[in-house]
Amino acid sequence: MSISNFQEDLFQPSLTEEDDATGFHEPWSPWALVMLSFFFSLASGGTLLAINFNRLGMRRWFYPALALVILVTLGTCGFLFWATTHGLIAPKNRGSASTFRMVTRACHVAIAIGMASMQRRRFRLHQFSGLQTGKLWIPAILASVGSIVANLAVVFVLAVMARVSPSP
Amino acid sequence: MEDWQTLTKPGVGEILQKSIHLIEIGQYDLAERELRTALAAEPQMSDLHVHLGWVLFQKKQKNEAEEECKVALGLDPDNGSAMHLLGMLCEDTGRHREAEQHYLNALRIDPEEPRYYFAYGVLMQKTGHLDKAEGLLRRCLELDPDEGRAHGVLAAVLSEKQKVSETHGSGERSVSLDPDQTGSHFLLGLTYWRSGHPFKARRHLREALRIDPTNSDIEEWFRIADMSTRWLYLPMYFWTLLVNRLPGKQFAVWGAFMVVLFLMRGLNAPEAAAKPLVLGYLLLVIYTWLITPVAHFWIKLRPPR
Chain A
359 MSISNFQEDL FQPSLTEEDD ATGFHEPWSP WALVMLSFFF SLASGGTLLA
409 INFNRLGMRR WFYPALALVI LVTLGTCGFL FWATTHGLIA PKNRGSASTF
459 RMVTRACHVA IAIGMASMQR RRFRLHQFSG LQTGKLWIPA ILASVGSIVA
509 NLAVVFVLAV MARVSPSP
Chain B
24 MEDWQTLTKP GVGEILQKSI HLIEIGQYDL AERELRTALA AEPQMSDLHV
74 HLGWVLFQKK QKNEAEEECK VALGLDPDNG SAMHLLGMLC EDTGRHREAE
124 QHYLNALRID PEEPRYYFAY GVLMQKTGHL DKAEGLLRRC LELDPDEGRA
174 HGVLAAVLSE KQKVSETHGS GERSVSLDPD QTGSHFLLGL TYWRSGHPFK
224 ARRHLREALR IDPTNSDIEE WFRIADMSTR WLYLPMYFWT LLVNRLPGKQ
274 FAVWGAFMVV LFLMRGLNAP EAAAKPLVLG YLLLVIYTWL ITPVAHFWIK
324 LRPPR
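Protein chains in written order, with my numbering: chain A, 359 to 526; chain B, 24 to 328.
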């Protein structure tokens, strides 16, 4: 870019609707929600990340994000069911279970990081505007407890399935 | 503020001069009274409305300030100062697109006015358009090399763009131009902290706190910088700086660790080779989790001086 072009660019408007510091409702730190996704699966952190789109005033992303979280969570359960019934994951084989856990965790964290990256700019703007950040403790605890209950339910179903199905 | 010299009524010029001085020393109530007296004598003078708008803005009476700007622009549509102030008012209430339009209008009227470049540059920095912010602030400094605040904000922009070598130069220049300004020391402290110089950061933040002891933001950042200089926390500080530059931050480290473990497992590496790696990672995780509360406890035992 030449110097004159650069000077001309200085006089061109650059801001869009997303640059207005309006529509914030005490958003949470997206990175804290990625941490939550790491420890308590995408069902907890991802749901709060979807809600955080609303809190950051990015309403049009709320439903797509929520749909993605639901799809990935169901997909993970579905894959776990399929892999268990096809003998790829044996509940008594710690190695295969651990590999599955790590791979799903990596996928969940990658998706959460993607969602957090979309929120990074708005959250930065929120911080630079000196506005109040939302308190995360209670929603995080609720989401984590919900996620643990859901995971225990899945484990219970799988344990029942493993007991019902004949061992190879 | 050009047309005050062409005042028709005697005494209004003196009142305006007096009110400018009162604004400079922060006596806004007195300045408002003086300006209203002057406006009673010269209601058609656009700049008087801008000055009154500025005083009202400082007194947080933003709606009234905006009204004064509009009156000023009604009297003189090419009043750059009124557009500048209107931009600041819009920015203050989060209407950044509107603020940008006002700054651009002001710049079209007077493209040689450094204040307008500075205000627009600050807006661009705030909204994360760092390249444009850098260009505007550099232009501001071309027009007025002694504008200390522009050096300070430019240092913050360069720090965020990780242009470390240039960052410190701009920040130090800002402090040398405005040694008694809280903002100069605060911004330089932040840029030093972000670029791996916690001791220098602490010194400048302490200086900022000395100038303005009631500012809670500065106090908070001074505590952070002070914690970063404690020898127990120092490794964590440099680790955080390093990790924050990675895409995915600490998860990138976790991912790399998992990939190495899987590769070792796939290559049937001996268990003795994996053990130090796992132990090292475990120690790192324990250290990074525990060090912040430990450092806080230590600060309670030995508070910063």
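Incorrect hints may have been included.
[To be verified] No more than 25 Å apart at the CA atoms, straight line, and that leaves these computed lysine-lysine pairs for DSS-like: (1) 186/B - 83/B; (2) 493/A - 149/B; (3) 272/B - 493/A; (4) 83/B - 149/B; (5) 223/B - 184/B; (6) 272/B - 323/B.
[Stated by the list, open to error] Restraint ranges, calculated between C-beta atoms of paired labels, are given here: (7) 81/B - 468/A: 16 to 22 Å; (8) 518/A - 307/B: 22 to 28 Å; (9) 486/A - 169/B: 23 to 29 Å.
Think of the hints as simulated: they come from the structure by calculation, not from any bench. All of these numbers come straight from a predicted model, not from anything done at the bench. All C-beta atoms, glycine included, are put in the ideal place defined by N, C-alpha and C.
For each hint, the structure was consulted:
The straight-line distance between the Cα atoms of residue 186/B and residue 83/B is roughly 37 Å, outside the 25 Å bound, and the hint therefore fails. Of the supplied pair hints, the one linking residue 493/A and residue 149/B holds, its CA atoms being roughly 23 Å apart against a limit of 25 Å. Distance restraint check for residue 272/B and residue 493/A: the Cα-Cα separation of roughly 23 Å lies within the 25 Å cut-off, and the hinted pair is therefore satisfied. The suggested pairing of residue 83/B with residue 149/B holds, with an alpha-carbon distance near 21 Å, which does not exceed 25 Å.
Distance hint between residue 223/B and residue 184/B is fulfilled; the C-alpha atoms sit about 20 Å from each other, no more than 25 Å. Taken as a hint, the residue 272/B and residue 323/B pair is broken in the structure, with Cα atoms around 30 Å apart against an allowance of 25 Å. Taken as a hint, the range 16 to 22 Å is violated for the pair residue 81/B and residue 468/A, whose Cβ atoms sit roughly 48 Å apart. Between residue 518/A and residue 307/B the Cβ separation comes to about 39 Å, which falls outside the hinted range of 22 to 28 Å.
For the pair residue 486/A and residue 169/B, the supplied restraint of 23 to 29 Å holds, since their beta-carbon distance comes to about 26 Å.
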